[in-house]
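Using the sequences and the hints, build the whole thing.
Each chain, letter by letter, is given below.
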Amino acid sequence: MKAGDELPPLEIGITRTLIVAGALASRDYQDVHHDPELARRKGSPDIFMNILTTNGLVGRYLTDHFGPTAVLRKVAIRLGAPNYPGDIMVLKGTVEEFDGATAVVRVTGDNGIGRHVTGTVTLTVPPGGAG
Amino acid sequence: MDDELHARLKAYEGRPAAVAGTGRDPVNAPMIRHWCEATGDRNPAYTGPGAIAPPTMLQAWIMGGLSGHEGRAQAYDELLSLLDEAGCTSVVATDCEQEYLRPLRPGDEVAFDTVIESVSQRKTTKLGTGYFVTTRTDVRVAEELVGTHRFRILKYAPRTHAPSGQASSARASSGHASSGPAPNEYVPSEHAPTPTGREEKAQGRQEAPRRPRPVVNRDNAGFWEGVRRHRLLVQRCTGCDTLRFPWLPGCNACGSPEWDTVEADGEGTVFSYVVMHHPPFPAFSPPYAIGLIELAEGVRIISNVVDVPYDKVRIGMPVELEFRSYDDEDGELVLPVFRPRAGEVAA
Numbered sequence: 001m002k003a004g005d006e007l008p009p010l011e012i013g014i015t016r017t018l019i020v021a022g023a024l025a026s027r028d029y030q031d032v033h034h035d036p037e038l039a040r041r042k043g044s045p046d047i048f049m050n051i052l053t054t055n056g057l058v059g060r061y062l063t064d065h066f067g068p069t070a071v072l073r074k075v076a077i078r079l080g081a082p083n084y085p086g087d088i089m090v091l092k093g094t095v096e097e098f099d100g101a102t103a104v105v106r107v108t109g110d111n112g113i114g115r116h117v118t119g120t121v122t123l124t125v126p127p128g129g130a131g
Numbered sequence: 001m002d003d004e005l006h007a008r009l010k011a012y013e014g015r016p017a018a019v020a021g022t023g024r025d026p027v028n029a030p031m032i033r034h035w036c037e038a039t040g041d042r043n044p045a046y047t048g049p050g051a052i053a054p055p056t057m058l059q060a061w062i063m064g065g066l067s068g069h070e071g072r073a074q075a076y077d078e079l080l081s082l083l084d085e086a087g088c089t090s091v092v093a094t095d096c097e098q099e100y101l102r103p104l105r106p107g108d109e110v111a112f113d114t115v116i117e118s119v120s121q122r123k124t125t126k127l128g129t130g131y132f133v134t135t136r137t138d139v140r141v142a143e144e145l146v147g148t149h150r151f152r153i154l155k156y157a158p159r160t161h162a163p164s165g166q167a168s169s170a171r172a173s174s175g176h177a178s179s180g181p182a183p184n185e186y187v188p189s190e191h192a193p194t195p196t197g198r199e200e201k202a203q204g205r206q207e208a209p210r211r212p213r214p215v216v217n218r219d220n221a222g223f224w225e226g227v228r229r230h231r232l233l234v235q236r237c238t239g240c241d242t243l244r245f246p247w248l249p250g251c252n253a254c255g256s257p258e259w260d261t262v263e264a265d266g267e268g269t270v271f272s273y274v275v276m277h278h279p280p281f282p283a284f285s286p287p288y289a290i291g292l293i294e295l296a297e298g299v300r301i302i303s304n305v306v307d308v309p310y311d312k313v314r315i316g317m318p319v320e321l322e323f324r325s326y327d328d329e330d331g332e333l334v335l336p337v338f339r340p341r342a343g344e345v346a347a
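These protein sequence lines are chains A and B, in that order.
For the first sequence, counting from 1, position 38 maps to 38 in my numbering; every step adds exactly one.
For the second sequence, counting from 1, position 68 maps to 68 in my numbering; every step adds exactly one.
It is possible that some hints are incorrect.
[What the hints assert, rightly or not] Okay, derived cross-link-like pairs now, BS3-like style, lysine-lysine, Cα gap no bigger than 30 Å in a straight line:
#1 A:K74 / B:K312
#2 A:K74 / A:K2
#3 B:K10 / A:K74
#4 A:K2 / A:K92
[To be verified] Quick look at which bits of chain B chain A covers, simulated, 3 or more residues with Cβ under 8 Å:
#5 58 to 67
#6 249 to 263
Rather than coming from a laboratory, the hints here were simulated on the basis of the structure.
Every residue, glycine too, gets a C-beta built ideally from N, C-alpha and C.
What follows is the structure in structure tokens.
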């Protein structure tokens, strides 16, 4: 692994089930994440994914690639276009730094309406770990 | 330039937003499993003996859930009230930054303290004008710092107001989750009231908003290639000569997959239209008109009606094709739009 390496993209189908399951698994009961009518009343066309689920998906994207022995150290994300039901988000990652043990990976997640998330993940990759 | 409100808000920097909060439940295998099921995470590190919790669950352990938060500090409520009073009633979350010092394991009982780290100067963003408030939460297990969680929200006065009767939409009353410190009324930030195609817009940076791109596939690539060369191409079935638009693999009239193209001469009329008010979207400034244009050739195309006030667009209005280029960081995008034919706009 070296700087500039790209991770294979990961497509996430944004289903209503994923949005609701993610909200509840993160104990986020804000109505905009499970109640379409109340979401619309607040100016959103539909329910949308909460930030904790996005955070979890970004973490999963990295550990899926680097394997169970990789250790997440930092995850920093910034959100943009919402993830609405029926959309697809494509996560992509580029290795920005790697010193033989610690990797810094730049992550983006684009959906049909724009860039849902940009982030930087720092993780420790044991010798022989995937990459 | 500092404003008077900013000076008052800034006084809250360093003050607590939550003190001695505790997680509702100890770190536990069922919640880990539910999380992994939801996110599709099959990492074996999160199951079985010796399992750790997914690090990105950090905030989940300190969520108030349906029963609400405990340990909210008065200073944070005051800060939010000041912003509310100043008209900054909407909230969007923009950033979440977490650092994991050691893994959490089932049985760990988490405690947390949150401090108001910074309040920005007044910023004008795509959503409206407001202030970024950043909190930092330290998560501990038995006094040991195990993780930090920095959370940034924009609390702002919405730029556009919902029609009366929907005032609640302007008052972004909910949104997303938040740890102890976060206001219960977090908005769908990331999300709500205005989807931002470009998170930088929410951050108030002033670069050109990124315009959505067409989805180009094998069935419509020829159309977009034509547009790039400033030609509006309509498909024509070579079996029965029926014109069709938008582009499709086969003829709806006779079923033939064979086709060629005809270049539209660019004249048309507004067959129907809508005026877009809400939600706003980056790169578009509502209200604006979207027309269903019937081309002289007989097919219809959806596009913007430009160079005419949105409330002057009328059914039957004669329009003509124009190709416009939109440049942003993703490069050049050419789109067919329609403007009124000369002399056709009612004053």
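Point to revise | Violating hint indices (sorted, rising) | key: Hint check: 1 and 6 fail, others pass.
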